[in-house]
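J.: Here is how the chains run, residue by residue.
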Amino acid sequence: MIHDQANYEREGEDVREPLLSEKGQETVDVREDSPLPDDLTREELTLPNPSEPETARHYTRLSQMNWAIDAGPYPLGSCTMKYNPKFTEDVAADPNAAIHPDRSARSAQGNLELQYRLQEVLADIGGMDAVTLQPPAGAAGELTGILVAKAYHEHHGNDRSEVVIPASAHGTNFATAATAGYDVVELPSGEDGRVDLEALEAAVGEDTAALMLTNPNTVGLFERDITEIADIVHDAGGLLYYDGANLNALLGRGRPGDMGFDVMHYNVHKTFATPHGGGGPGAGPVGVVDELAPFLPTPRVRETREGSGYERFEPDHTIGKVHGFAGNWLVAIKAYAYIARLGDEGLSDAAAKAVLNANYLAERIDMDVPHGPFHHEFAATAGDRDAADVAKRMLDFGVHPPTTKWPEMVPEAMLTEPTEIEGQSSLDDLAEAFNLAYADTDEALDAAPNRTAAGRIDQVGAARNPRLSWQALDGE
Amino acid sequence: MSRADGTPYAPHTDEETAAMLAAIGADDEEALFDIPDPVAFDGDFGIDARTEREIRDECARIFARNDDLTEFLGRGHYGHYVPSVVDHLADRAEFLTSYTQYQPEVSQGFLQALFEYQSMLVELTGLDVANCSMYDAATALGEAATLADRVRSTSGDTVLVPEQLREGKRAVLANYCDGADLTVEDYPMADGTADVDVLADRAGDDVVMVYAESPTVRGCLEERLAAIGDLADETDALFVLGSDVVALSVLKSPAAVGADVVVGEAGSLGLPTSYGMGLGIFACSDEFLRQVPGRLVGASEDANGARAYTLTLQTREQHIRKERATSNICTNQAWVALRAAIHAATLGPDGLVDLANDCVREAAALADRIDDCSGAAAPVHDRHHFREFAVRVDQPAAAVAEDLETEGFAVHAIGDHLLQVCVTDLNAGRTDGLVAAFEEVL
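Just so you know, the sequences run in chain order V and B. Its first residue numbered 1, the first sequence is counted upward by one per residue in the working numbering. Its first residue numbered 1, the second sequence is counted upward by one per residue in the working numbering.
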């Protein structure tokens, strides 16, 4: 395979698209025509002033220098980059849905109905009793869930100070617990890559507010002892939090609520195919069991008593709000449309194909996969090669590499998640890219990538000498 | 299960599935799942699959149940006309269907667009650093409080906020403050802006952060920002200014009035009215660079010596620093930031300043006309206003708002006899109707 990403002339001349500022800026005298007194206004404003055709070319050129799921495989483990169905964009673009959040409930029945329907369907999928759509991303969902747990404990007079998190968990879990004011107790992984029940027994106690757990975990293993894990945490008076990042593997075959989880977030991008947009907007709805429902963010949406419409209401012991309004509404619409398109069988099949693809790809690559049986993702090890270098070389073969060097329990990890959207031939190409890169010479790995819009980028220099705006580049 | 019954977004034919299973050595797909029976689920959610066309019809029917009102609503969420070029460029799949730029060599386009967005906010705020975005203005304010806690931890635990603050914003702030053991306290306002004299008396060593807004939640432009900045400075508290990306294009630069951090809303560019979805601004001075929450794009060089962009200073972030990260945020509003940047580029500085000036002129003109209606007085506060203003009505405000809704107009009822009205380029052509409706219902 040969790949070129927007590889314009490189010889002797850099290929970069100029910054908008380098294409021309204009300085406007703000006070000249201002309806405001001078002491409220700035003197001038300097910003780029491209024409519309120049703007169109600038951003089109930039787009050509960007990998995307529509460009090719994107098997980032734990990130679940799957195809984003186009029609969901059109559903979300309905101008009738584009209303202000302060509309009266009476005049916003359509939006309330869709919110209600999505809450209900998410509750079914997670095996939960109540759902809020307010958190604007997965990490915000985590914070919401942990704040709900905290409010629950405080309501019952329990002052608990710790959240227990497996060492292999997503970094957000740790940061979330700290943001909510908890001390983090890190749980070492068992030798088989799963939670070690003895270590868990030792870690939980009367200070434990919650255990945060991903299942399947971050190397794709199902926590087979989940019932025992739930008992240990519940017996200590703690709550069990489900990190929904890997829910795509379980769709139709297991529900967090049935496993004993009390509170969970859904990553709608990862499970319900809403576009990631290069870093958001996401959405991180939170589901809880009945006991925790009174603590959810306000407002929630329910059917009116007479059943003729929908209304907002404030849960009795609400934690308040986690977003200024109703969260990332346009993303919620897309998730609803996706779930409706797949239905029961489609959702189950998505999980089946995601797991099939991960297993097939692992079979085809020459690296060891220390932990199994895995589900939707696997952590291969690059052994004595540097996983980051192997990844850079993969870029030259026209695929995006997996997540590298994480989780740390696998040395030189290449955490790989092809998702359900790749077919056999695409997986064969992906495996070839893995194998070519893995077998390549040290020199080739060091020099990679060569066929991308930029060569290997100096990360250390970027952090040592931060230049975070075109103003900071002045004179270069 | 044949392909027809499964997800339409997996390409496997039955033959391919069989061949792949054979390659793995598995009998069927179920054999790949390692889920113990007691917690296994039978797959019956009761969700019927629908076709694209059915779903589009279904959702269109649902959304048609929203009343067709002309909205004069604001209070933190604003709609301006978004030029078509924004949709068409931002919707390019290379942007929309990309992930976080963890491999910068194949993500130069988005990284440069975010670098340009950061740069625009540096110009608008006068501060040194702007991040790629927060979720919205409310969460940005919460993050500012935790920043204040980290950088001013020795001096106390009180965050001072204006008494007139959007309730939702206060509630979000309270949740961030809860985890950081900070206390939120109101300071009074005088005629719509900060009562700086009372604030000066209140300032003290226990205060880690003073927050002020311009425009305020009622659309008033704060006249004494520099004084607030000075008194925050004197007590070594952080001065955090909340604003709006359009207002910033004409208002005195936050840096010039002593702001240490600027938070606020940038979704007023690039995003249509979208039920409160936002784009949080976070900008600050260099002093706090290593304490900034969220993602930062920096310029660097590639192996060929050419300028290249990359996410940088990532040791602040959760995937490296875990519980010692500056924030738990990872995914933010990157694509919305792209939209805002395209919108700003399309307007240019002239267009931005014109848009902002219209926000001042239209608000003043509409307040005058409503003031002429018997039974209404506007603006309530004797201040310069941006986009919106409060209206005092003789009758109960909730009843007036409901009557106006019957006439086809949505306004805010914010107190027993207080309404709030917001005017932008989207509804400026409908003010005749609103004024007539006021006259009708009052």
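Just so you know, these hints were derived from the structure itself, not from any lab. Some clues are possibly wrong.
As the list claims (entries may be wrong) - SDA-like cross-link-like pairs, simulated, lysine to any residue; straight-line CA separation at most 20 Å:
no., chain 1, residue 1, chain 2, residue 2
1, V, K86, B, I320
2, V, K23, B, L347
3, V, K405, V, G190
4, V, K23, B, V85
5, V, K86, B, A22
6, V, K405, B, A60
7, V, K86, B, T315
8, V, K86, B, D350
9, V, K86, B, E52
10, V, K86, B, D91
11, V, K405, B, I320
12, V, K86, B, D368
13, V, K405, B, D91
14, V, K23, B, T315
15, V, K86, B, V85
J.: Each of the hints needs a verdict: does it hold here or not?
T.: Taking the hints in turn, this is what the structure says about them:
1. K86/V with I320/B: At roughly 34 Å apart (the allowed maximum being 20 Å), I320/B and K86/V break the hint.
2. K23/V with L347/B: holds (15 Å)
3. K405/V with G190/V: It holds: about 19 Å lies between the C-alpha atoms, which stays within 20 Å.
4. K23/V with V85/B: Between K23/V and V85/B the Cα gap is close to 19 Å, so the pair holds against 20 Å.
5. K86/V with A22/B: Distance of about 33 Å is beyond 20 Å: violated.
6. K405/V with A60/B: At roughly 45 Å apart (the allowed maximum being 20 Å), A60/B and K405/V break the hint.
7. K86/V with T315/B: At roughly 36 Å apart (the allowed maximum being 20 Å), T315/B and K86/V break the hint.
8. K86/V with D350/B: Violated, at roughly 35 Å.
9. K86/V with E52/B: Since the Cα atoms of K86/V and E52/B sit roughly 10 Å apart, the hinted pair holds (cutoff 20 Å).
10. K86/V with D91/B: holds (10 Å)
11. K405/V with I320/B: Distance ~11 Å between K405/V and I320/B Cα, so the pair holds.
12. K86/V with D368/B: This hinted pair is violated, its Cα atoms lying about 47 Å apart.
13. K405/V with D91/B: violated (32 Å)
14. K23/V with T315/B: Status violated; Cα separation ~33 Å.
15. K86/V with V85/B: holds (19 Å)
In summary, the structure is inconsistent with hints 1, 5, 6, 7, 8, 12, 13, 14 from the numbered list given earlier, while agreeing with the others.
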